[in-house]
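A.B. asks: Residues per chain are reported as follows:
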Amino acid sequence: MSSENRALSVHYEYDPVFLHSRREAIIIVGVWALGLLWSVPYCYLRGYNLSPQEIHTIWGIPSWVFWGIGVPWIIADLFTAWFCFWYMSLDDLGEEQENPETLQGIERSGETRLESPHE
Amino acid sequence: MSDGTPAVSYAPNTALLIFLLYTLGVFALAWVSNRLLRSKSFLSEYFLGSRSLGVWAFALTFAATSASGGSFTGFPSKIYSHGWILALWIGSYIVVPICGMGILGKRINQIARRTGAITVPDVIRDRFNNPAFGVLATTLIVFFMSINLTAQFKSGSLILKTLLNDVPLFQALAQQASDLKEGSSLLAGVDSAYLLCLLVFAVAVIVYTTYGGFHAVVWTDVMQGIVMVLGVLILLPLALIQVGGLESATDQFKEMTPPRIGSARLELDGPSQQGTVIPAGSWILLHDGSDDRVLRTGREAVIPAGLNQVESVQVLEITTDRQAQQLKRRIQANEVPTLSPNISATITQMEDYRYGADQPGTYLTGPGPDRHSDLGFLPLSLAISFFFMWAISGSGQPGSMVRLMAFNNSLTLRRSIFTVSIYYSLIYFPLVIIFCCSRIFLPGMDLESDRIMPATAVFLSSGAGMPWLAGILVAAPFAAVMSTVDSFLLVISSALVRDVYQRNINPNVSEQRIKWMSYACTVLVGLGAVAGAVSPPQFLQDIIVYTGSGLAACFLGPIALGLYWPRVNAAGAIAGMLGGFLSHLLLYIIGYAVYGRFASYRLLSMDPLIWGLFASFLLVVIVSKITPPPPEALVRRYFYRTV
Numbered sequence: 024m025s026s027e028n029r030a031l032s033v034h035y036e037y038d039p040v041f042l043h044s045r046r047e048a049i050i051i052v053g054v055w056a057l058g059l060l061w062s063v064p065y066c067y068l069r070g071y072n073l074s075p076q077e078i079h080t081i082w083g084i085p086s087w088v089f090w091g092i093g094v095p096w097i098i099a100d101l102f103t104a105w106f107c108f109w110y111m112s113l114d115d116l117g118e119e120q121e122n123p124e125t126l127q128g129i130e131r132s133g134e135t136r137l138e139s140p141h142e
Numbered sequence: 031m032s033d034g035t036p037a038v039s040y041a042p043n044t045a046l047l048i049f050l051l052y053t054l055g056v057f058a059l060a061w062v063s064n065r066l067l068r069s070k071s072f073l074s075e076y077f078l079g080s081r082s083l084g085v086w087a088f089a090l091t092f093a094a095t096s097a098s099g100g101s102f103t104g105f106p107s108k109i110y111s112h113g114w115i116l117a118l119w120i121g122s123y124i125v126v127p128i129c130g131m132g133i134l135g136k137r138i139n140q141i142a143r144r145t146g147a148i149t150v151p152d153v154i155r156d157r158f159n160n161p162a163f164g165v166l167a168t169t170l171i172v173f174f175m176s177i178n179l180t181a182q183f184k185s186g187s188l189i190l191k192t193l194l195n196d197v198p199l200f201q202a203l204a205q206q207a208s209d210l211k212e213g214s215s216l217l218a219g220v221d222s223a224y225l226l227c228l229l230v231f232a233v234a235v236i237v238y239t240t241y242g243g244f245h246a247v248v249w250t251d252v253m254q255g256i257v258m259v260l261g262v263l264i265l266l267p268l269a270l271i272q273v274g275g276l277e278s279a280t281d282q283f284k285e286m287t288p289p290r291i292g293s294a295r296l297e298l299d300g301p302s303q304q305g306t307v308i309p310a311g312s313w314i315l316l317h318d319g320s321d322d323r324v325l326r327t328g329r330e331a332v333i334p335a336g337l338n339q340v341e342s343v344q345v346l347e348i349t350t351d352r353q354a355q356q357l358k359r360r361i362q363a364n365e366v367p368t369l370s371p372n373i374s375a376t377i378t379q380m381e382d383y384r385y386g387a388d389q390p391g392t393y394l395t396g397p398g399p400d401r402h403s404d405l406g407f408l409p410l411s412l413a414i415s416f417f418f419m420w421a422i423s424g425s426g427q428p429g430s431m432v433r434l435m436a437f438n439n440s441l442t443l444r445r446s447i448f449t450v451s452i453y454y455s456l457i458y459f460p461l462v463i464i465f466c467c468s469r470i471f472l473p474g475m476d477l478e479s480d481r482i483m484p485a486t487a488v489f490l491s492s493g494a495g496m497p498w499l500a501g502i503l504v505a506a507p508f509a510a511v512m513s514t515v516d517s518f519l520l521v522i523s524s525a526l527v528r529d530v531y532q533r534n535i536n537p538n539v540s541e542q543r544i545k546w547m548s549y550a551c552t553v554l555v556g557l558g559a560v561a562g563a564v565s566p567p568q569f570l571q572d573i574i575v576y577t578g579s580g581l582a583a584c585f586l587g588p589i590a591l592g593l594y595w596p597r598v599n600a601a602g603a604i605a606g607m608l609g610g611f612l613s614h615l616l617l618y619i620i621g622y623a624v625y626g627r628f629a630s631y632r633l634l635s636m637d638p639l640i641w642g643l644f645a646s647f648l649l650v651v652i653v654s655k656i657t658p659p660p661p662e663a664l665v666r667r668y669f670y671r672t673v
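Line order of the protein sequences matches chains A and B.
If you want this note's numbering, it's the 1-based position in the first sequence plus 23.
If you want this note's numbering, it's the 1-based position in the second sequence plus 30.
Treat the hints as calculated values from the structure; they're not laboratory data.
Hints should not be assumed to be uniformly reliable.
Unchecked claim - Not the full set, but computed from the structure, chain B residues with beta-carbon under 7 Å of chain A:
# : residue
1 : G121
2 : I124
3 : L394
4 : T395
5 : G396
6 : L410
7 : I414
8 : R444
9 : S455
Here the structure is a predicted model, which means the values were calculated and not measured.
Using N, Cα and C, we set each Cβ at its ideal position, and we do this for glycine too.
Whole structure, please, built from the sequences with the hints as guidance.
C.D. replies: What follows is the structure, given as structure tokens:
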């Protein structure tokens, strides 16, 4: 990166809404994956091809459903509450632009081109 | 309490009254919404509510749109038919709200505000600065959603028919419709009652959607969302009381085995001068040597005038001993509708379920009984696919993305995600409990399981001494379909008016013209779907699954990576969209070749959705990497800010 560009590139930084949203999206996908890795194997190993004698219940619900889906559902709701009210950033999403800049308009304004940090 | 009577015979006039009140409420909301249109920018207000949705509106419109008629007819039908395994089938709903709203919500809302985007193709066109890409997106949206819309119209009409079938006024109108369509070769094979319901449903939905636009859709979603959750919360305790508690129900399930399905010949003891109708759901006690067999007819059968028998009447045989004994007593005591004493039955064919036959407890374990598949209802690979389907595929639906562009701020998003998660918790798991219980108090409905929701509503509300409840409860699936249909209508018409006409043909179109075009498009799209629903294709459920998973395979990869990966370019995104579409379609083409009907081919036992998503994401990444990077100005606009 040239010194001129380095000096000018400090005028830009990653949009925090982008950074926060990306971090949150990764966490959410991770939670979904955890759900998949728990619910499907647990229900398969504990709940498939059981004889009537092997079926146990908790409050009338088959135990494999209780622990494989029911409890994770409650945990997911609790996680959702925590995530929404304590973790998710309250980002300012901006106002609707009535005359949004065109790409050509931005280029004509003479702003210095960035290095490519997005490679 | 007996079953087998038509779904709402206990409260037909109440059902009609509820439907009329509901429809009037919907029109009133549309009128109010239309007043709002006059004070705001038309397109933004008509298609996106001016991005002003607060918590309750956003949460309930998101939830109600996602929960289509399938949630209240198809899902209960599957629970009844396959048992507790449906809890795993629906399992990823534990994270559907946070996935559907949290993965893309803030970013797509921000991008849409920055560009003034009103539709998903708008976002795509502006994000990648590529009008042709916008047109491609529009084409795919119109293609998939039009097909789905037709299926939803059929679903709504069938639900309405169940609701009104025993109302004398409706029966008279249906007869008049039958007289009117006589001589029309186009409508020759169409059931006149269904046709009447289709027209009524279509007029109601098209009028309020056209007139009221996005706000009408959202407010009716709020109303419908409230109806849906109240319906479930009322049914749950009634169902548990009816079966004597869940432990008692599960004990009975341990003995339960799937029915046998077959056909029988029904004979009169002598020819009659007029036709004899044997209603659907008639119970038959067949003395077969030393055994008594308990059967039930699946569809209405008619012995024509002058004849004394009818062949190939579809029947179901109860195989669970305890249930068969109970039903035998009730048949002998005339507590349930039975075959007339002058009609005898002879079984001509009977088949066991391909999976679960003679296996007590099969409704309590995986993979669940299945009439057609040796692997059972939900083998492991399919369980994995459905965990993808609801949470990940749901995130990729354009109808949901449009709603994510409409909420007013991050605080609303947070609160709405939590609200929807509670909302789904109150609906989906209780539905599994309710309709597992319904196998006990409404046995033998496997051949007409699509009616299990209204049948359960009528049975439980009558048993509770509140038959008027049935009308409200049956409104729940009707509300669910309306909330999906109105959203699809707007997404399709917005694609045509905004994305095709305004952005590509006439960017300087006046607001007055755009307004009338929007109205006209919404009406025409609706009428097109009605035309398709008059004589809908077979395999409708498979087609619905195709369109939903197809949309996700096309849109999720390009949109998600477009929002979160600065390096993605238009070439990569287009490749991803086309790759997802074609790979997904290819697996359905192969399925058609292999099975001889519209069905998916599951490569390595995985649903085409998985392969479509995989192909889409892979192509976005690879093609973006091997083609020139996107313009700096474009990246700066969407990923950076000045300091």
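A.B. asks: Would you mind marking each hint as holding or not holding in the structure?
C.D. replies: Okay, the hints, checked on the actual structure:
1. G121: holds (5 Å)
2. I124: Holds: closest Cβ of chain A sits about 4 Å from B:I124, inside 7 Å.
3. L394: Because about 5 Å separates B:L394 from the closest Cβ in chain A, which is inside the 7 Å limit, the hint holds.
4. T395: holds (4 Å)
5. G396: holds (4 Å)
6. L410: holds (5 Å)
7. I414: Where the cut-off is 7 Å and the nearest Cβ of chain A is about 6 Å from B:I414, the hint holds.
8. R444: holds (4 Å)
9. S455: Constraint on B:S455 satisfied, holds at 6 Å.
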